[in-house]
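Asker: Those protein sequences? They're chains A and B, same order as listed.
Counting from 1, one number per residue, gives the positions in the first sequence under this note's numbering.
Counting from 1, one number per residue, gives the positions in the second sequence under this note's numbering.
Hints should not be assumed to be uniformly reliable.
Stated by the list, open to error - Quick partial rundown of chain B residues pointing at chain A, CB under 7 Å, derived from the structure:
(1) L49
(2) T68
(3) N94
What the hints assert, rightly or not - Derived list of chain B stretches under chain A, where covered just means 3 residues or more per stretch with a C-beta under 8 Å from a C-beta of chain A:
(4) 16 to 25
(5) 35 to 48
(6) 96 to 103
(7) 142 to 151
(8) 168 to 174
Treat the hints as calculated values from the structure; they're not laboratory data.
Only a predicted model underlies this, so the values are computations on that prediction, with no experimental measurement involved.
No residue lacks a Cβ here, since even glycine has one placed at the ideal position from N, Cα and C.
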Amino acid sequence: MQPDSRGYFGDFGGRFVPEVLVAALAELEAEVQSAFASPAFWDEYHAILRDFVGRPSPVYAAQRYGRNNGGAALAFKREDLNHTGAHKINNTVGQALLARRMGKKRIIAETGAGQHGVATATVGAKFGIPVEVYMGALDVERQALNVYIMKLLGATVHPVEGGTRTLKDATNEAFRQWAARVDDTFYVIGSVVGAHPYPYIVREFQKVIGVEARRQCLEQFGRLPSDVVACVGGGSNAMGIFAGFLSDTNVRLWGVEAAGEGLESGRTAAAISAGSIGVLHGSRSYVLQTGEGQVMETHSISAGLDYPGVGPEHAHLKASGRAQYVPVTDSEALDAFFEFSRDEGIIPALESSHAIAFARKLAQERGPDDLILVNLSGRGDKDIAQVRNMRR
Amino acid sequence: MIFKPGKCAFVPYLMAGDPGMETTALLLDAMAQAGADAIELGIPYGDPLADGPTIAAAGVRALANGTTISHVLEAVRATRTPHAPPVILFTYFNPIYRYGVERFARDAARAGAYGAIVPDVALEEAEGLRVALEREGLVLPLLVAPSTPRERAARIAHASGGFVYVVSRLGVTGAGAAPDFRPLHDQIAMLREVTEKPLAVGFGISTPAHVREVRGIVDGVIVGSAIIDAYAGYSGEEAASRAAAYLRTLTGAAVV
Chain A
1 MQPDSRGYFG
11 DFGGRFVPEV
21 LVAALAELEA
31 EVQSAFASPA
41 FWDEYHAILR
51 DFVGRPSPVY
61 AAQRYGRNNG
71 GAALAFKRED
81 LNHTGAHKIN
91 NTVGQALLAR
101 RMGKKRIIAE
111 TGAGQHGVAT
121 ATVGAKFGIP
131 VEVYMGALDV
141 ERQALNVYIM
151 KLLGATVHPV
161 EGGTRTLKDA
171 TNEAFRQWAA
181 RVDDTFYVIG
191 SVVGAHPYPY
201 IVREFQKVIG
211 VEARRQCLEQ
221 FGRLPSDVVA
231 CVGGGSNAMG
241 IFAGFLSDTN
251 VRLWGVEAAG
261 EGLESGRTAA
271 AISAGSIGVL
281 HGSRSYVLQT
291 GEGQVMETHS
301 ISAGLDYPGV
311 GPEHAHLKAS
321 GRAQYVPVTD
331 SEALDAFFEF
341 SRDEGIIPAL
351 ESSHAIAFAR
361 KLAQERGPDD
371 LILVNLSGRG
381 DKDIAQVRNM
391 RR
Chain B
1 MIFKPGKCAF
11 VPYLMAGDPG
21 METTALLLDA
31 MAQAGADAIE
41 LGIPYGDPLA
51 DGPTIAAAGV
61 RALANGTTIS
71 HVLEAVRATR
81 TPHAPPVILF
91 TYFNPIYRYG
101 VERFARDAAR
111 AGAYGAIVPD
121 VALEEAEGLR
131 VALEREGLVL
141 PLLVAPSTPR
151 ERAARIAHAS
161 GGFVYVVSRL
171 GVTGAGAAPD
181 FRPLHDQIAM
191 LREVTEKPLA
201 VGFGISTPAH
211 VREVRGIVDG
221 VIVGSAIIDA
231 YAGYSGEEAA
241 SRAAAYLRTL
251 TGAAVV
């Protein structure tokens with residue numbers, strides 16, 4: 001669906017930002033309208049996805065994982081095979097094209113674990129636009145390899161010392177830096193979050209996942225999936241794959257949130273399952289917050305899901321009942337990470353492992369004629385050092 | 001009356017609960033004694049998008065003390081004596097939203113607040129909050145930024161309550177970067193053409209020289225980070241006397 005003229009999906013979204021940014025968001029909205037109406041814009045976007053990213057990514061029918069107890073078949077959309085290892089690059093290619101179209105001299109981005117930072121640094125290098133990445137100081141320490149990769153690609157990484165020194169604070173800082181140089185700077189947001197029109201823009205650039213996957217399911221299996229499963233932090237890979245199936249009302253959509261150590265543990269990142277409605281980073285959606293409206297510190301084994309908010313369109317899909325949102329804990333995701341690696345010869349990202357864990361449970365509730373499509377949103381190379389250090 | 005003809009009003013900003021509510025009470029009193037025409041009183045929020053490091057850090061200290069909206073409103077109530085300057089609350093939308101917009105307006109009015117400034121509520125999202133505040137007799141001043149086009153500035157000024165908050169430069173609050181005075185003068189001239197409401201300028205005003213730059217063309221100045229820098233690290237009477245001494249250097253310069 002299209003957001004309304006004020007940027008709302010139903011009751012969620014909007015534009016809660018300081019006045020200094022409103023003109024820039026309006027300028028971006030106008031540019032997006034003209035770009036999205038231009039076939040040449042989309043031709044260039046798709047050509048880059050083909051030649052630089054390696055699209056279309058395949059849909060792969062699992063041979064062994066989850067098949068020992070009967071139940072539904074599982075198929076995986078292989079976003080892990082994209083250049084830079086995850087779905088993030090679909091969006092950064094699109095936003096870099098917008099930045100170039102608008103004549104912006106400089107790109108800024110926030111990053112948590114560094115995946116979006118790497119995907120942004122990559123397109124910055126490709127397009128010859130300088131990139132500055134804001135990253136929580138704690139994440140800079142935890143993700144030294146991605147910091148190095150961003151620098152290797154020519155980006156500058158700024159550690160952010162404020163608050164919890166993680167993604168939330170990096171996002172605050174990116175908004176502030178944008179406010180300071182709003183004339184010449186393009187802010188590449190990494191998920192379907194932020195003020196209007198960002199949730200809409202990012203969804204449109206990730207929609208390629210769902211559009212391809214729908215066609216591939218029909219070609220390869222002769223039918224649509226019964227269920228589509230994707231992990232949800234901010235929610236961009238989920239919105240991308242859901243977008244291909246929203247009008248197929250008999251296809252059930254499942255967003256899998258990171259429960260961390262459990263919804264009641266106080267150490268969780270499941271904004272929809274454990275949070276309440278609030279305003280964070282420019283839009284109204286679900287937020288993990290205190291009764292006083294202070295945003296809470298979050299926890300997930302997966303850095304990419306470790307965020308206290310969620311995109312407003314997910315809040316709307318939850319409210320309308322079109323999608324359901326379920327929690328998966330750290331330990332369930334970690335089990336899936338190991339089992340999927342051994343059963344399929346594919347090491348999934350810890351983020352995607354949440355979706356994989358839930359899909360296996362769901363497969364056992366479904367019949368053999370059902371087909372569950374899972375978005376394998378990224379590969380696990382980046383997580384190997386972390387998992388190894390846990391010494392299970 | 002905050003604004004008087006021929007005088008540049010002076011509005012210091014304090015973060016409530018930094019370093020504690022007892023100090024806040026002393027600071028409020030000291031600001032009034034030192035000639036504040038109104039006081040902006042910050043309700044701490046952990047993710048302040050419009051604020052630079054000074055005010056963000058003050059908010060973190062205040063939150064570490066457990067400061068809540070109720071504590072801040074209680075402090076406002078305690079200041080309400082006949083000659084006390086008006087108090088304008090300053091916070092972000094999420095704490096108000098969680099507290100309840102109508103409840104916030106009612107309780108702020110009962111405490112005797114003059115209005116609220118909510119920098120992440122720009123014109124398009126302002127209607128509900130503005131109506132709730134106005135129903136209780138409170139104002140919602142809106143902000144105009146250097147990036148705001150003329151036609152939009154006119155609509156903002158029209159909807160703005162009490163006065164128009166003129167942001168002196170791009171970026172966030174903080175004493176680190178000075179205002180851009182040349183475009184600011186143009187911006188103020190433009191605003192004078194589209195509104196008769198008082199204009200108060202803030203963001204980056206931190207020295208007597210800055211105040212002298214604008215005192216002849218605006219109705220008031222708002223100084224936040226520089227006041228906080230003056231008392232940060234102190235508490236009680238020491239904090240109050242430091243803030244008051246700094247304020248006097250500025251109010252002296254505010255006399256046209």
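Asker: So which of the earlier hints does this model not fit?
Answerer: Result: hint 4 breaks, nothing else.
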